[in-house]
Amino acid sequence: MLKFTSFSDVENLNDLIQEALNIKRNPLQFQSLGKNKTLGLVFLNPSLRTRLSTEKAALNLGMHVIIINVNQESWAWEIRDGAVMNGTKVEHIKDAAAVISQYCDLVGIRCFPSLTNREEDYNEQLLNQFITYCSVPVISLESATRHPLQSFADLLTITENWHRPERPKVLLTWAPHIKPLPQAVANSFSEWMRHAEVDFIITHPRGYELHPDFTTGTKICYNQEEGLQKADFVYVKNWSSYHEYGKIVPANDTEWLLNKEKLAVTNNAKIMHCLPVRRNVELIDELIDGENSIILQQSHNRLFAAQGIIKKMLEQILTTS
Amino acid sequence: MLKFTSFSDVENLNDLIQEALNIKRNPLQFQSLGKNKTLGLVFLNPSLRTRLSTEKAALNLGMHVIIINVNQESWAWEIRDGAVMNGTKVEHIKDAAAVISQYCDLVGIRCFPSLTNREEDYNEQLLNQFITYCSVPVISLESATRHPLQSFADLLTITENWHRPERPKVLLTWAPHIKPLPQAVANSFSEWMRHAEVDFIITHPRGYELHPDFTTGTKICYNQEEGLQKADFVYVKNWSSYHEYGKIVPANDTEWLLNKEKLAVTNNAKIMHCLPVRRNVELIDELIDGENSIILQQSHNRLFAAQGIIKKMLEQILTTS
Amino acid sequence: MLKFTSFSDVENLNDLIQEALNIKRNPLQFQSLGKNKTLGLVFLNPSLRTRLSTEKAALNLGMHVIIINVNQESWAWEIRDGAVMNGTKVEHIKDAAAVISQYCDLVGIRCFPSLTNREEDYNEQLLNQFITYCSVPVISLESATRHPLQSFADLLTITENWHRPERPKVLLTWAPHIKPLPQAVANSFSEWMRHAEVDFIITHPRGYELHPDFTTGTKICYNQEEGLQKADFVYVKNWSSYHEYGKIVPANDTEWLLNKEKLAVTNNAKIMHCLPVRRNVELIDELIDGENSIILQQSHNRLFAAQGIIKKMLEQILTTS
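Chains as they are written, first to last, in the working numbering: chain A, 1332 to 1652; chain B, 1332 to 1652; chain C, 1332 to 1652.
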């Protein structure tokens, strides 16, 4: 694996899941693999879980970690090719990526969408420019349209919580929020669920349809109550509109806030969320902290998801060097 | 030791002092203790000494260190239970603490007081919420009302500078400042001195009385000259009013600024300050840099204080795991 | 070597070059040298290449690295001796330097010029104050007037690209920019080139003369075309005026922007720049990305330059301890 930015970089999903679950049983078993290797973590946006879990994953594999907080600690980046750089951007991503990869063996990068320019965001301009000019393997720590480390951890969590022969019913339900959020977590979750051994369905108000690339073939349902029927896993997440790009489309939001009564029609569903969560806006305390919540298991699995991916990449690097 | 947030977490003070002084003689002697263990350092406020000394202490014990600058690098935290999070706070401390402790074996946290809400500050709401939801041991890197690592280093410094059989006279004297500062250092120093083998006395202008929890039984003196009489150690520190909470109570400040003449009545007292110090506002250059100053010895001992505490915690973790 | 802040700290240039080139052949060969030693990196200004290359260099030598982002993570520093600190500066550099060096074995510091007070900048007040109060060796990560790690890497790059018996002609040419930049890179490059086995010449518009300390004896030429004649290396860099200190002196800037036609008179010159570069303002894409560009080789050599210097310092520390 020489790139991990979307589901399509996964060669063998089942193998990857087993790798991560094996690592979870003994996180230090591959500690010699990363000896003298350096992981650079580039942040253009805030991060808690991703920052810590990826750093810890690398440490568990014996690597060094170098953190780069762009804008705060370094120079703002221009991303347009051929730009006449007479504005506020001091360095071109072309140069920054080339330079960073001279000092690191592997690089992770977090770059959120603008939510104002849909084309640029959905072309993953920043991420792709970075990858083009980076001479070492790149891991997405969440980009404009995807958050694959999160989705991988989500799938690990579902796997750990399902022990029956039939496929579980997994519902992704839109949740209210006060600010426009990226579609990345929802996009990625859809992408991964469509390839996993699950029956996947999405429910959201009209106007919040995701980009068809992520949902074609997936059942969409505008009635939350119907979506919840016999669900085994309920993934709660807000996202802003893709069609009215980056907007909060008028909708009777509070109707979409879950409660125990609504969940009664599920199959005693487990509750999932990627965090951070605005408590009592997106999801109520009672459900976040309730016995069916597997939210903290998701964040814990971020560690093993990251470690699985970094391990695959280290193996590739060591094979080819 | 599974928590270090105040003097009351110390089981045996003399043992702890001897531990730290032993570490100082050979800082690397317990280097295998922290192998593969990670210390997370969470900063909600600026830090120089605490940041560096605690990081170095952990490295000396063979640990990895992960730094988390909240607000700058991560999301602002809500601390009120049951809050409807529709404001500017993006993540609840409940979730942040739970998540951080999934990736670390030990967590240090710095959280200054608001100085506007006395009740919240003196309930140590943030620190206590963090501890409640953190699943690993927590070290205070200075909280709303206490700075125990500082006080421990201060006591080590006094111990190293006193070789007579009788108890030294230790004076904490209020100093002028231009901004309202927390009471944390003064509170903690009082708390530790009351339990140490010293004669402790505090002098400050009327209006600057500390919370009685920290001073009951301690001699308070409103006359600095009287307080200085035969003092062996003079600890200089500003704090804002506890009673008119967070305020600078009108007082003829400059009268409280020390000089050599005033110190003539002491027993050739050593001068102490926790740093940072506003030179020539709180304390004059001549005294900070003078031969009686043991200020840099205090900051040096921050390293061994931190290392002593982390060692105790690692031993506890290794015993119970 | 107990200090590395300018060329004058170099004892034997040829030996230093060979050291760095030897390290480049096997960067991990001296990995035991820095065991249990800590490098503190203090940043008062942004940094990408310097931050990463110096951190990686220290890791390659087996050291730990502690990062200190002053202003962001710590307290703003007062640098004037005897200052009454009743303004916005919370800590004196005297105390900060003393404290930092208690926790580190070696300290790097980056401190840009104000560009408003020439005397203070050219006295290197901040750097010199820091060194005065620092009890361990100090490496400049770029100061008000010099950037020696950059110049050392530049010289390594020239050395690697020159295999003829005669001296290469090295030209430093001023380039347009939209903001006033420090003279540090140009000063340092001049200082190093004057001592290297090269024929060195500087070309810039009138008004951009550097401080004579860095250029006395060096050929200055106000006609870029003439300067370019038969050049083997063309180092492109903007700097603001020294005489009208920190100003952009009126000049027909765009005339100084290089292109392929202008370079035709060179000896098929290699193109150099220290980065970050404002593309198509200072230097056009075609030249930055062209086959004669050795710009990324320069940034790569930052790693080995840093490692060479740190190695010399570690050897000194280990000898004297």
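These aren't lab readings, by the way, just hints derived from the structure by calculation. Check the hints yourself; a few may be wrong.
Same chains, same label: a pair holds when it works inside one copy or across any pair of copies.
Simulated pairs of lysine-lysine, DSS-like, Cα-Cα distance not exceeding 30 Å [said to hold, decoys possible]: (1) K1593 <-> K1420; (2) K1368 <-> K1561; (3) K1420 <-> K1591; (4) K1643 <-> K1368; (5) K1561 <-> K1591; (6) K1550 <-> K1366; (7) K1578 <-> K1420; (8) K1420 <-> K1510; (9) K1420 <-> K1561; (10) K1591 <-> K1366; (11) K1368 <-> K1355; (12) K1368 <-> K1510; (13) K1366 <-> K1355; (14) K1366 <-> K1643; (15) K1355 <-> K1334; (16) K1366 <-> K1500; (17) K1561 <-> K1643; (18) K1643 <-> K1550; (19) K1420 <-> K1334.
How the hints compare with the structure:
no. : hint            : result
1   : K1593 <-> K1420 : between (49 Å within a copy, 27 Å between copies)
2   : K1368 <-> K1561 : neither (47 Å within a copy, 43 Å between copies)
3   : K1420 <-> K1591 : between (49 Å within a copy, 26 Å between copies)
4   : K1643 <-> K1368 : both (14 Å within a copy, 24 Å between copies)
5   : K1561 <-> K1591 : within (14 Å within a copy, 69 Å between copies)
6   : K1550 <-> K1366 : neither (46 Å within a copy, 49 Å between copies)
7   : K1578 <-> K1420 : both (27 Å within a copy, 21 Å between copies)
8   : K1420 <-> K1510 : both (27 Å within a copy, 12 Å between copies)
9   : K1420 <-> K1561 : neither (52 Å within a copy, 34 Å between copies)
10  : K1591 <-> K1366 : neither (49 Å within a copy, 45 Å between copies)
11  : K1368 <-> K1355 : both (22 Å within a copy, 16 Å between copies)
12  : K1368 <-> K1510 : neither (39 Å within a copy, 38 Å between copies)
13  : K1366 <-> K1355 : both (20 Å within a copy, 19 Å between copies)
14  : K1366 <-> K1643 : both (15 Å within a copy, 24 Å between copies)
15  : K1355 <-> K1334 : both (22 Å within a copy, 27 Å between copies)
16  : K1366 <-> K1500 : neither (42 Å within a copy, 43 Å between copies)
17  : K1561 <-> K1643 : neither (36 Å within a copy, 50 Å between copies)
18  : K1643 <-> K1550 : neither (33 Å within a copy, 55 Å between copies)
19  : K1420 <-> K1334 : within (27 Å within a copy, 34 Å between copies)
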